[in-house]
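Engineer: Each chain sits in its own coordinate frame; assemble them with the hints.
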Amino acid sequence: MQGDVFGSVAIPGVDDVEGELGIVLTHPCSMRSAGGHLRDRILLARLIGRDPIPLARWADGFFGLMPLPDLVDGGPFYAASFEHAGRVRSVALDRAQRIACLSRKGILILQQRLIFSWTRVEVPLHRLSSVSEPVLEEADLLEEWLEAGADAGSTDTYAEEEAFDRFLRTSPSGGTATLRDRLRDAETRADVRRSVRRMIAERGAA
Amino acid sequence: MTVNTSPAPSFPSREDQPTAAHSVVETPPPALTAADLLPRTWELRWNAGRHHQEAIGLDRLVNEMTVLERAAQYEHLSTTTLLDELSTRWGLSWTNISRLVGVSVPAIRKWRQGEPSSPQNRSQLAQVVALLNTLDFHFMIEDPARWLEIPLASTPLTLIDAIAARRLDLVLDYAGGRVDLPERVLDRWIPAWRERYRDEFETFVAPDGHRGIRVR
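Going line by line, the protein sequences match chains A and B. When you line the first sequence up against my numbering, it's residues 1149 to 1354, in that order. When you line the second sequence up against my numbering, it's residues 22 to 237, in that order.
Chain B with its partners taken away, still in its complex shape (with noise of 0.2 Å):
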């Protein structure tokens, strides 16, 4: 048997005791109804849409102004210099540079054999160049050149026809992850491109090694 050795615990006197809190009677707030919350609700609501957005804009303004200011960087290099970083360093086709600065084939090939462009084409090969590199640097895209000419969700259209088009804003948001998949691109770009590229035909690759077309 064992006995409980320890002092009874001693508890002071009525009198030292402050009012206790469960001796104050609470008077219970009024019960609030839907109807009560519904307006502030709306409004917190609408300010979130409204922060949605302008955080947006403002994200879309920044990546814009980046490529912009990285543009003003690469203007005093040479015609022959911007068109060496875009063909060598990152490997793009003459035909889709052409498209991206917005002149013929021809022109890019008198540019390359040293003919003068003019102050705004060069300006926009120095934007083209800072695009690549916004999206290499910036975005963390590897190989840009091959991302832009990628085929969105199998129809022939890539992001390259989107700049072209004058549609950098997808292109950026969709670097930036804002349009998670290509056919969301396309959704915001032609709402119709499902229609427009569905066809009876298919492409295969023929016994020679060359592509060929046929009826599904």
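Next up, chain A with everything else stripped away, as it sits in the complex (with noise of 0.2 Å):
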């Protein structure tokens, strides 16, 4: 997910600055490709130590970071650079790895600073909300089936991203919205988890 941050990262292309750890950048909605599967390569930025950056001076400056204090106990103030980024190929992110994830106002924190550091252009975050918003509760149900599916005994991680894909294609008493469509719509985003809940329940029962 956007905002993840992993250990012990090779950044191509980043060799002019020290450091191992590394946050995800690229927009949830980009990520995945058909089949619900990772793409095979995402965009990640370099986490840099250096001074503590205030919070009163968030909004004054230092548009080419994401500050992201108290991020390793004892650790120096890190902050990613968004100038410090490359293409990592997915299957070289560690699950183990990952050290800390964003929360969703802490993801709307890092798109609205990513795109004034390379467009100039403040967008409000309830914008970006609206936006990230459908793709982010798809995220969480994707999490939801695959902790559900390893604990019944699934180490076929695709297969089960697949399965999930499948079913948010289907369409719920013959209409023609499928689960996803009606995922983006907030009136009927909790009939969707319903759904997906139940389907967990029965593949599990099975």
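In case anyone wonders, no lab produced these hints; they're calculated from the structure. In this text the structure is predicted, and so the values were computed from the model without any measurement. Among the hints, erroneous ones may be present.
[To be verified] Across the chosen pairs, the derived CB separations fall in these ranges: (1) 1166/A to 228/B: 38 to 46 Å; (2) 1221/A to 90/B: 39 to 47 Å; (3) 1251/A to 65/B: 36 to 44 Å; (4) 204/B to 1264/A: 25 to 33 Å; (5) 1156/A to 235/B: 34 to 42 Å; (6) 216/B to 1207/A: 44 to 52 Å; (7) 74/B to 1273/A: 49 to 57 Å; (8) 68/B to 1264/A: 38 to 46 Å; (9) 199/B to 1304/A: 38 to 46 Å; (10) 1303/A to 216/B: 48 to 56 Å.
[As the list claims (entries may be wrong)] Derived coverage of chain A by chain B (criterion: at least 3 residues anywhere in the stretch with Cβ under 8 Å from a Cβ of chain B; other residues may be distant): (11) 1306-1312; (12) 1331-1339.
Note that the Cβ used here is the ideal one computed from N, Cα and C, for glycine as well.
Structural biologist: Quick look at the structure:
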């Protein structure tokens, strides 16, 4: 997910700064291809240790950085450097090496700083939220699906992702709108969650 | 030609008649002026206003007590059962459950995996379950989770945000119809909401099917 921080990650083309931590920059909309699988390569930025940036100054400058205070207990003050970014093979990202993930608000702040750094356009957080909400919801449900699969003994993440994607492409009650379409609408989102969780329970019971 | 053959009506003699009302000379009541009526009008208005306010206060108290009394019934349930009720039955997201309870998403994840929660947090969870049940059974709101998640007046704010901001009173007022429009909820909650959420952007669906943002 965008904003996940991984340790021990090599970022191609980023060899002029020290460090081994990287943060995912790719937007959730662009992270997965057909079948719901992670794309072969995703964009990561290097985290650099530096002097702390007080919260009161986040809005005044340092626009090329995403401050990440208290990331590591007893560690330095880290910030993601947007200019030190490169495409990393997704298979190289080990879940066991994921040391942190951002909250939803954190993801939106990352997006806002990234957009401003690259375009000088300031987009309000609530606008970013309205765009990202459905994909973040889908990512949460996929995570539940995969966890339930793993708990039930499945080791084939690829097949689980495909099964989830297939399920989201079904239309409940013979309608034309798929579950994924209905996830985009706040009015039907709770219903989609119930459907997915019922399916997870059915698969677990089978 | 017809002839009326019925007998002529007979009348009692004057001696048999009681004193007729019309024969009593009435003294007309003194004419009231507006100034005479004004104090009584004020008094009635003041009393009506006071009773109205008392009724509103009592109604709010009853609504909040209904939630708390229901919550007391659920507090003996396990944390995983309460979470299951919120996620599977009502369809809330883990993010929203964490916001309603006032803990982090990782904390909720640990509880789902069987780690114990504090009595205070379990009590909070029970209150959220009680709220959803109250919205359903008491206020007859179909699909309370959906109702709580609908953006208010085209802002990103929802009733879940109001609860997270400790404005359950607004949610119950809205559920009970005392506040009739989402705009009124926002007016009472964030008076400057119109200025805060006014911007030059709009959201649209891009050709790839995903949403995008563009300048209006």
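Engineer: Decide, hint by hint, whether the structure agrees.
Structural biologist: Here is what the structure says about each hint:
1. Look at residue 1166/A against residue 228/B: about 42 Å separates their beta carbons, and that is inside 38 to 46 Å.
2. Between residue 1221/A and residue 90/B the C-beta distance comes to about 43 Å, which sits within the given range of 39 to 47 Å.
3. Taking the beta carbon of each, residue 1251/A and residue 65/B are about 55 Å apart, not inside 36 to 44 Å as hinted.
4. Between residue 204/B and residue 1264/A, the C-beta spacing of about 31 Å keeps the proposed range 25 to 33 Å intact.
5. For residue 1156/A and residue 235/B, the hinted distance range of 34 to 42 Å is satisfied, since their beta carbons lie about 40 Å from each other.
6. Restraint check, residue 216/B to residue 1207/A: a C-beta distance of roughly 18 Å breaks the suggested window 44 to 52 Å.
7. At about 39 Å, the beta-carbon gap between residue 74/B and residue 1273/A misses the expected band of 49 to 57 Å.
8. As the Cβ distance of residue 68/B to residue 1264/A is approximately 59 Å, the hint placing it in 38 to 46 Å is violated.
9. Between residue 199/B and residue 1304/A the beta carbon distance is about 54 Å. The supplied range of 38 to 46 Å is therefore violated.
10. In this structure the hint that residue 1303/A and residue 216/B lie 48 to 56 Å apart at CB holds, the actual value being about 54 Å.
11. Given as covered by chain B, the stretch 1306-1312 of chain A fails the check, having 0 residues with a CB less than 8 Å from a CB of that chain where 3 are the minimum.
12. Note: the stretch 1331-1339 of chain A has 7 residues with beta-carbon separation from chain B under 8 Å; the three-residue rule is met and the coverage holds.
The structure is inconsistent with the numbered hints 3, 6, 7, 8, 9 and 11, although it conforms to all the rest.
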